[in-house]
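Colleague: As given, the protein sequences belong to chains A and B, one line each in that order. Per this note's numbering, the first sequence starts with residue 1, numbered consecutively. Per this note's numbering, the second sequence starts with residue 261, numbered consecutively.
To be clear, the hints were calculated from the coordinates, so they are not data collected in a lab. Among these hints, one or two may not hold up.
What the hints assert, rightly or not - Derived DSS-like pairs (lysine-lysine); straight-line CA-CA distance at most 27 Å:
| hint | chain 1 | residue 1 | chain 2 | residue 2 |
| --- | --- | --- | --- | --- |
| 1 | B | LYS463 | A | LYS231 |
| 2 | A | LYS243 | B | LYS463 |
| 3 | B | LYS469 | A | LYS243 |
| 4 | A | LYS247 | B | LYS414 |
| 5 | A | LYS231 | B | LYS469 |
| 6 | B | LYS461 | A | LYS231 |
| 7 | A | LYS197 | B | LYS461 |
| 8 | A | LYS197 | B | LYS273 |
| 9 | A | LYS197 | B | LYS463 |
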Amino acid sequence: MVERRAGRTACKILQNRQIADGIFELVLQWPKILQRPTAGQFVNLYCTNQDRLLPRPISVCEIDGDKLHLVYAVLGRGTAEFATLQTGGVIDLLGPFGNGFSLAGKPGRALLVSGGVGTPPMVELAKQLQARGWSMDVVCGFRSQSYLIEQLSRYADVHIATDSGAEGFSGNVIELLDQETLSGDALFACGPGPMLKGVQAWAKTKGIPAQLSLEERMGCGFGACVGCVTKIAADNESGFIYKKVCKDGPVFPAAEVLFQ
Amino acid sequence: MKLAVNIAGVELKNPVMTASGTFGSGRDFEPWIDLNRLGCVVVKGVAATPWEGNPPPRIVETWGGMINSVGLQNPGVEYFIAEDIPWLRQFDTRICVNIVGRTVSEYVAVAERLASEDVDLLELNISCPNIKEGGVAFGVQAEAAAAVTSAVKKVARQPLIVKLSPNVSDIAEIARAVEGAGADAISLINTLLGSRIDIRKRKFILSMKHGGLSGPAIKPVAVRMVWQVAQAVKLPVIGMGGIMTGEDAIEFILAGATAIAVGTASLLNPEATMQVLEGMERYMRETGVEDIAELVGSVK
Ligand SMILES: Cc1cc2nc3c(=O)[nH]c(=O)nc-3n(C[C@H](O)[C@H](O)[C@H](O)COP(=O)(O)OP(=O)(O)OC[C@H]3O[C@@H](n4cnc5c(N)ncnc54)[C@H](O)[C@@H]3O)c2cc1C
Ligand SMILES: Cc1cc2nc3c(=O)[nH]c(=O)nc-3n(C[C@H](O)[C@H](O)[C@H](O)COP(=O)(O)O)c2cc1C
Ligand code: FES
Numbered sequence: 001m002v003e004r005r006a007g008r009t010a011c012k013i014l015q016n017r018q019i020a021d022g023i024f025e026l027v028l029q030w031p032k033i034l035q036r037p038t039a040g041q042f043v044n045l046y047c048t049n050q051d052r053l054l055p056r057p058i059s060v061c062e063i064d065g066d067k068l069h070l071v072y073a074v075l076g077r078g079t080a081e082f083a084t085l086q087t088g089g090v091i092d093l094l095g096p097f098g099n100g101f102s103l104a105g106k107p108g109r110a111l112l113v114s115g116g117v118g119t120p121p122m123v124e125l126a127k128q129l130q131a132r133g134w135s136m137d138v139v140c141g142f143r144s145q146s147y148l149i150e151q152l153s154r155y156a157d158v159h160i161a162t163d164s165g166a167e168g169f170s171g172n173v174i175e176l177l178d179q180e181t182l183s184g185d186a187l188f189a190c191g192p193g194p195m196l197k198g199v200q201a202w203a204k205t206k207g208i209p210a211q212l213s214l215e216e217r218m219g220c221g222f223g224a225c226v227g228c229v230t231k232i233a234a235d236n237e238s239g240f241i242y243k244k245v246c247k248d249g250p251v252f253p254a255a256e257v258l259f260q
Numbered sequence: 261m262k263l264a265v266n267i268a269g270v271e272l273k274n275p276v277m278t279a280s281g282t283f284g285s286g287r288d289f290e291p292w293i294d295l296n297r298l299g300c301v302v303v304k305g306v307a308a309t310p311w312e313g314n315p316p317p318r319i320v321e322t323w324g325g326m327i328n329s330v331g332l333q334n335p336g337v338e339y340f341i342a343e344d345i346p347w348l349r350q351f352d353t354r355i356c357v358n359i360v361g362r363t364v365s366e367y368v369a370v371a372e373r374l375a376s377e378d379v380d381l382l383e384l385n386i387s388c389p390n391i392k393e394g395g396v397a398f399g400v401q402a403e404a405a406a407a408v409t410s411a412v413k414k415v416a417r418q419p420l421i422v423k424l425s426p427n428v429s430d431i432a433e434i435a436r437a438v439e440g441a442g443a444d445a446i447s448l449i450n451t452l453l454g455s456r457i458d459i460r461k462r463k464f465i466l467s468m469k470h471g472g473l474s475g476p477a478i479k480p481v482a483v484r485m486v487w488q489v490a491q492a493v494k495l496p497v498i499g500m501g502g503i504m505t506g507e508d509a510i511e512f513i514l515a516g517a518t519a520i521a522v523g524t525a526s527l528l529n530p531e532a533t534m535q536v537l538e539g540m541e542r543y544m545r546e547t548g549v550e551d552i553a554e555l556v557g558s559v560k
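So here's chain B without its partners, still in its complex pose (with noise of 0.2 Å):
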C-alpha cells in the first residue's frame, strides 16, 4: 500500500499533516506519539519579530468546534531558528513553516530569513482572522494575493504553499491568482471568522469580539471549498477544516486534496492524527486501494 505523497518536489512518507497552530512545533505531542510517523509537521505562524497574541478569553466553544483569538503569538523567528529546527530535525518528517506578516516586508523577511535553513516547505498564512491588520487581508483579494505570494516567491528557497481563507465569495479567483503568482501548492481552509455573545453579560466572550471558528462542525465547507479549488487550479492541494477521523480525510482526498491536515482535532486528542493516519490506511485496505494517489480528486 503507497501513502507517499509529493507537494511541489517535496516526498511526505504519508498525506498526514498538522494544521498549523494547533500543534506548536510538536514538543506538546512527544509523550502521545511519534512525530515520525507524521508526513509532515506544519508549525506554528512565525514572525519576523515575537509576537505577543491578543488578550484572553481567546478560546470559546461551539457547537461541534470551537472559536480562537490567539492572534498569532509567537516567539519570533530567530527563536524558532534556534530552538525548533533543531529540535524537529531529530524525527524523520518533513517541515513546514506557516508564515506570518503585517505587511508585504514582514513575509519576505521571515522567508528571506529561512532561505538557508534546513527546512522543507513554507505554508504563507495570508488567512488568519485574527490580527488587525495584514493577514486575512491579503487574503481575501486576489491582487493583494497575488502581490504578496509573488513577493514571498522570489526570496524563498523553499517550494512556497499559500493559505487561503474561506471568508471570500470566490475561492477559486484567489486560487488562480495565487498560482499565477508563483505558488507551489495551495491549503485551506483556514478558518471561518465567527463570534459568541455571552447573552447575561451581553458581552462578545472573545476579547476581540471575533475569532476563526474551526472543528468538524467547518468541515463541509473545507470539502466543497477543496473541490472548488482543485478545479480551478493545476497545483497539489492540501485539505483541512475539521477533520476527525481517517474517513473525513478520505472526503478531502476524494475531493481534489494531495494530502491533508489535522487542526483542531489534535487540541482535543493528542494521538488525532495517528488515528486520522490509521483510518486512512484502513479505508484503503478496505476498499482496496492500492495507492493513495488513486483517489486524489476521484469524486464523481
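Okay, chain A solo, but in the shape it has when bound (with noise of 0.2 Å):
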C-alpha cells in the first residue's frame, strides 16, 4: 500500500510582495496534511481562473517552520493572476512533488549554479547543505537585478552574474565560475537550458560530479501524463530514453542528461 497523500489544497497566503522587476516571493501557510517538501522539489499552483487549467510548477525556495516560501516570476497569464494574490487569502497547491536534490554523500565544498529564477531552490538546498556539514559558494546570474542574495549569504559565499552588468559580474555564470577559480566537491544547478547545457561541459572538464534541476512543461505534475519528458542517456538503439520531469526528476544527473 503506498502513502495516503492530501489531494487539491487551499493554502492560506500569508505575504505576497514583489521583491524584484517581475519577480515575487509568495509565503504559504504550510498545511499539516501535506508531505514535508525537500530541497529541489516543486509544489503544482493552481489559477481560479477556469479557461487556465493546467498547472504551475515553481521550486520550493524554502521552508521555515510551518512557512513555504516561493518565488516566481511573472511570464504569462498564470503567474500574472498570482501576481495579484492579498494577503489572507487561498492559493490551490498539489504537491509536493518530484526526487529533489540528493545530498547523499560526504560533506565538502559544494557549487551551487542558478541563473533566473532557477536561483529560489539553492535557498532551500543550501540551508540543508550547511546542515549536514558542507559549506559552499553560489554563483548565481541574473538579468540584471538580482534577489535572494541576503538569504542565501546566510549559508553561502555567493557570486552574482548579471548579463547587463548592473550588479556584480559582467557576464555568465560560466564565464564567472572560471574568472574566480572557484571548484568543489559537488555541484548543483537550476536555471534555463542552454545554462544547464554550459554547467554540465563546465562541470564535465573539471570533473566534478553535478546534478542538473530541469523545467519542461507540465500536464499534471505527479506522473500522469508523460508530458513533461527529457532525453536522458540510456544504452539502448537510440541511444537515450524519455524520462519524465516531474516524477523522475526535476533533478538529474547531469552526465545523463542530453541537451537537444
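Each of the two chains sits in its own frame; use the hints to bring them together as a complex.
Modeller: This is the structure we're talking about:
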C-alpha cells in the first residue's frame, strides 16, 4: 500500500510581495496534511480562472517552520494572476512533487549554480547542505537585478553575475566560475536550458559530479500524462529514453542529461 | 440506487471509467483514490513493442483545455503483462487495455498476445492524432476502420470497444462501419486535432506542431457526437471529452452513453474520478433516479 496523500489543498497566503522587477515572493501557510517538501522539489499552483487549467510548477524556495516560501517570475497569464493574490487569501496547491536534490555523500565544498528563477531552489538546498556539514559557493546569474542574495548569504559565499553588468560580474555564470577559479566536490544547478548545458560541459571538464534541475511543460506534475519528458542517456538503439521531469526528476545526474 | 452498468457482457460496478492515457495504469493515482471504487481502469495505449513517443514540448495549455502530442510513449505489451496486470488485479475493478498500432498487424499482435491474459475489455485506439502512420488514419475512413476492427475481432478473446476520432465529417458513418465489422462497444471522443503558435518566436509550441485537444473546451462537441453515435448504432456507447463533474457525466448519459470516462480532469485533480462518481450519485438522489439505466439516452 502506498502512503495516502492529501489532494488539492487551499493554502493560506501569508505574504505575496514584489522582491525585484517582475519577481514575487509568495509565503504560504504549509498545512500539516501535506508532506513536508525537500530541497529541489516543486509544488503545483493552480489559477482560479478556469480557462487556465494546467498546473504552474514552482520550486520550493525555503521551508521555514510551517511556512513555505516560493519565488516566481511573472511570465504569462497564470503568474500574472498569482501576482494579484492578497495576504489572507488562499491558493490551490498540490504536491510536493519530484525527487529533489540528492544530498548523500561525504560533506565537502559544494558549488551551487543558478540562473534567473533557477535561484529560488538554491536557498533550501544551501540550508540543507549547511546542516549536513557542507560549505559552499553560490554563483547566480540574473538579467540585471539580483534577488534572494540576503537569504543565500546566510549559508554560502555568494557570487553574482548579470547580463547587463548592472550588478556584480558582467557576463554569465560560466565565465564567472572561471574568473573566480571556483571549484568543489559537488555541483548543483538550476536555470534555463542553455545555462545548464554550459554547466554540464564545465563540470565535466573539471571532473565535478553535478546534478541539474530541469524544467519542462507539465500536464499533471505527478507522472500521469507523460507530457514533461526529457532525453536521458540510455544503453539502447537510439541512445536515450524519455524520462519524466516531474517524477523521475526534476533533478538528474548531469552526465545522463542529453540536451537538444 | 443502482449504478452498475453492462458493457458487452462485462459488468462495471459503476459507469465511471478512466480515459486512456490520462491515468497510466493507475499507480500514479493510488496515493489519492481508492481504485476499488472505479467502474473500470482503461490503461494507457499499449503497443506490440515499446514506443519512445514524440520529442518535447508535448503539452500546451489552451483556453479551457490542453493540447498533447505525447505520441503514445509506452513500454510495450510484454511489460504491461508482467508489471501492470498483476498490480491492477489487486483491486476490485475492471481492466480495459487500450491497443495501439501503426499497421493492422501490429494491432492484431497486441490483441493476440492479450487473448490468454487476465483483462476484461480491449479498446481499439484508431483515433490517436499523435503518430505519423496508423492511429488516426484508421479512424477517419469507414473502410479502414472496419478492416482493422474485423482483423482484431478475429483474434480478440475479450469484448472489443472501438474508440472513435472526432476528426471526421460523419461520425455516424464510422460508427456503423465498426458495428458492422463486429465491434462490441464504441467509445468516443478521442482528442480534436489542434495547434498553438508562439507569436514571439513565430513557432509552433509543440515539437510535432499539432496535437490532441482535450478538456472542458471539447465537451459540447463530444456530447453532440455521443448522441449522434447512440442514434446510429445499437452498441453500448462510452462517452468522454471534457468531463470535469458529475453533471458533465450525466449530460453524456442522457445523450446515450452507458458509461463515461474521465480524462484530462484526472490530470488536473487526481481525485476527479471520485468527485465525478459522487456528483452522479448526488444527481440521482436529487432527481429520484433508482437505476442509472433509466437515464441512458433519455434526452428529449
Ligand atoms: C519543476 C519546475 C520548477 C519551476 N520553478 C519555478 C520557480 O521556482 N519560479 C518561477 O518563477 N518559475 C518556475 N518554473 C517555471 C514556471 O512553472 C513557469 O514560469 C510558469 O508555469 C508560467 O506560467 P504562466 O501562466 O505565467 O505562463 P504561460 O506561458 O501563460 O503558461 C502557459 C502554460 O505553459 C506552462 N509554462 C510556461 N512556461 C513554462 C516553463 N518555463 N516551465 C514549465 N512550464 C511552463 C505553464 O505552466 C502553463 O501550463 C518552474 C518550472 C518547473 C517545470
Ligand atoms: C495526455 C493524454 C494522453 C492520451 N493518451 C491516449 C491513449 O493512449 N489512447 C487513447 O485512446 N486516448 C488517449 N487520450 C485521449 C483520452 O483518452 C480522451 O479520449 C480525450 O482526452 C478526451 O477526454 P478528456 O477531455 O476528458 O481528456 C489521451 C489524452 C491525453 C490528454
Ligand atoms: S507532468 Fe504529467 S507526467 Fe510529468
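Colleague: Compare the structure with each hint and give your call.
Modeller: Right, here's what the structure says about each hint:
no., hint, verdict
1, B:LYS463 <-> A:LYS231, "holds, 21 Å"
2, A:LYS243 <-> B:LYS463, "holds, 25 Å"
3, B:LYS469 <-> A:LYS243, "holds, 21 Å"
4, A:LYS247 <-> B:LYS414, "violated, 39 Å"
5, A:LYS231 <-> B:LYS469, "holds, 19 Å"
6, B:LYS461 <-> A:LYS231, "holds, 23 Å"
7, A:LYS197 <-> B:LYS461, "holds, 21 Å"
8, A:LYS197 <-> B:LYS273, "violated, 51 Å"
9, A:LYS197 <-> B:LYS463, "holds, 22 Å"
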